[in-house]
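J.: Sequence:
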Amino acid sequence: MPSAPSAQTCAYPALSPAPLQRPPQHAPAARHVAGSVAYRRTSAAMFVGGFTTFAMLYGLQPLMPVFSAEFGASPAAASGVVSAATGTMAAMLIPASLLADRYGRKPLMNASLFAGAILMLAAAFAHDFSQLVGLRALMGVALAGLPAVAMAYLSEEIDPKSLGRSMGLYIAGNALGGMSGRLIASLLADWLSWRWAVGALGGFGLVAALLFWHSLPASQHFRARRVRLSTLSSGVKTHFADAGLPWLFLIGFVLMGCMVSLYNYLGYRLGSAPFSLSHSAQGAVFGLYVVGMAASAWAGRLADRYGRRHVLWWMVANMAAGLALTVAPTLWVIVPGIALFTFGFFGAHSVASSWVGRRVTEHRALATALYLTAYYLGSSGLGTVSGLMWDAGGWSGVAALLGAGLAVCLAAALKLRTLEPLPHTQP
Numbered sequence: 000m001p002s003a004p005s006a007q008t009c010a011y012p013a014l015s016p017a018p019l020q021r022p023p024q025h026a027p028a029a030r031h032v033a034g035s036v037a038y039r040r041t042s043a044a045m046f047v048g049g050f051t052t053f054a055m056l057y058g059l060q061p062l063m064p065v066f067s068a069e070f071g072a073s074p075a076a077a078s079g080v081v082s083a084a085t086g087t088m089a090a091m092l093i094p095a096s097l098l099a100d101r102y103g104r105k106p107l108m109n110a111s112l113f114a115g116a117i118l119m120l121a122a123a124f125a126h127d128f129s130q131l132v133g134l135r136a137l138m139g140v141a142l143a144g145l146p147a148v149a150m151a152y153l154s155e156e157i158d159p160k161s162l163g164r165s166m167g168l169y170i171a172g173n174a175l176g177g178m179s180g181r182l183i184a185s186l187l188a189d190w191l192s193w194r195w196a197v198g199a200l201g202g203f204g205l206v207a208a209l210l211f212w213h214s215l216p217a218s219q220h221f222r223a224r225r226v227r228l229s230t231l232s233s234g235v236k237t238h239f240a241d242a243g244l245p246w247l248f249l250i251g252f253v254l255m256g257c258m259v260s261l262y263n264y265l266g267y268r269l270g271s272a273p274f275s276l277s278h279s280a281q282g283a284v285f286g287l288y289v290v291g292m293a294a295s296a297w298a299g300r301l302a303d304r305y306g307r308r309h310v311l312w313w314m315v316a317n318m319a320a321g322l323a324l325t326v327a328p329t330l331w332v333i334v335p336g337i338a339l340f341t342f343g344f345f346g347a348h349s350v351a352s353s354w355v356g357r358r359v360t361e362h363r364a365l366a367t368a369l370y371l372t373a374y375y376l377g378s379s380g381l382g383t384v385s386g387l388m389w390d391a392g393g394w395s396g397v398a399a400l401l402g403a404g405l406a407v408c409l410a411a412a413l414k415l416r417t418l419e420p421l422p423h424t425q426p
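Under numbering that gives the first Met the number 0, the residue at position 136 of the sequence shown is numbered 135, and the numbers go up by one with no gaps.
Do not rely on the hints blindly, as some may be mistaken.
[To be verified] For each label pair, taking beta carbons as the anchor points, the in silico distance ranges come out as:
1) Pro335 x Lys414: 26 to 32 Å
2) Leu209 x Ser277: 40 to 46 Å
3) Gly286 x Ala37: 30 to 36 Å
4) Ala272 x Ser232: 51 to 57 Å
Hints listed in this document are in silico derivations from the structure and should not be mistaken for laboratory results. Computed from a predicted model, the values in this text were never measured in an experiment. In this text, a Cβ means the ideal position worked out from N, Cα and C, and glycines have one as well.
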């Protein structure tokens, strides 16, 4: 495992401060180790933050057929309730990271959750579909503040020996939030209406934002930095010149694009003949996200023990195997296929995201922001293109596109197996 990163190595080159100066009689604050009170508070708060972000971001995904029926939107257009939010989030990740480096990690994450929840509540009162999509786009802008700096915050505050587990727990919160948001929205849409579903998610977001603000410890290894765009550009070039990071960015793009595409159009498939499942029954399928919770934490431990290069490609291969099963004509095969696909996705994302932080010795926040930008662009871009494939060839068209994407992803993961470790770390 690498030695604990210093405060200045966790930010952009443009924003690097002078070395941290402390009076000689004071030792630097220790990073949080698994089992400590501070570690538990940090992990719990970040779990809540990830949970809430994903619940609000993806809670409307199973309601896409509802919007198609009520507003006459095609499947590709209905995907806008997801892709508009993820697209604007992707565009705002680096700007949000710059704000965090200037004003602090925790303040930006707090503001992000509160603003996102308010916009989610406002979406419940949208007059038409275009207004709904517009509010979702604004919500993506607001929510960008938490994922933009969450991993950098953990890399700064958590001891390296506990980082894989902590990162896995954060991603597990993403999984549970995505699952719960979809289940809640599906049930409320069936029992009441989609407006009640959206309003409930917004109300929950406000409560969760209060819990996050109260629980998360203040940063101990953060120093405010000024923004210099010229040296920021230099940092981007440095990361793209690295032998491993561009491959990890590509993997993030494909992973999230495939995951969102599968669940985007699953509702259309399961809601039509021969399955004809209700919205609640379709939402229950999203309960398979619990598999992702287990996978992210487990894969993080495996990566810490055996190395990321030996775990990443295997998780991608699990996604491909699960995708193949979803082409079957019976639910008894489709559902296990979705579970295997979900398991592989969260495991792969946990490994790839933590590898980005370990691959760099400086400008870590920028590397994380670039990975997540690719990640959410995949959600927006592939999620929309998959809608066109659905219109052209139904589920077979979607599966063909995702299969091609996973082939690229697997090739990149196998390429990373040959990567020489950097002197400071073993990937």
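J.: Hints first: check each against the structure and report whether it holds.
T.: Structure-based check of all given hints:
no.: 1; hint: Pro335 x Lys414: 26 to 32 Å; in the structure: holds (30 Å)
no.: 2; hint: Leu209 x Ser277: 40 to 46 Å; in the structure: violated (34 Å)
no.: 3; hint: Gly286 x Ala37: 30 to 36 Å; in the structure: holds (33 Å)
no.: 4; hint: Ala272 x Ser232: 51 to 57 Å; in the structure: holds (54 Å)
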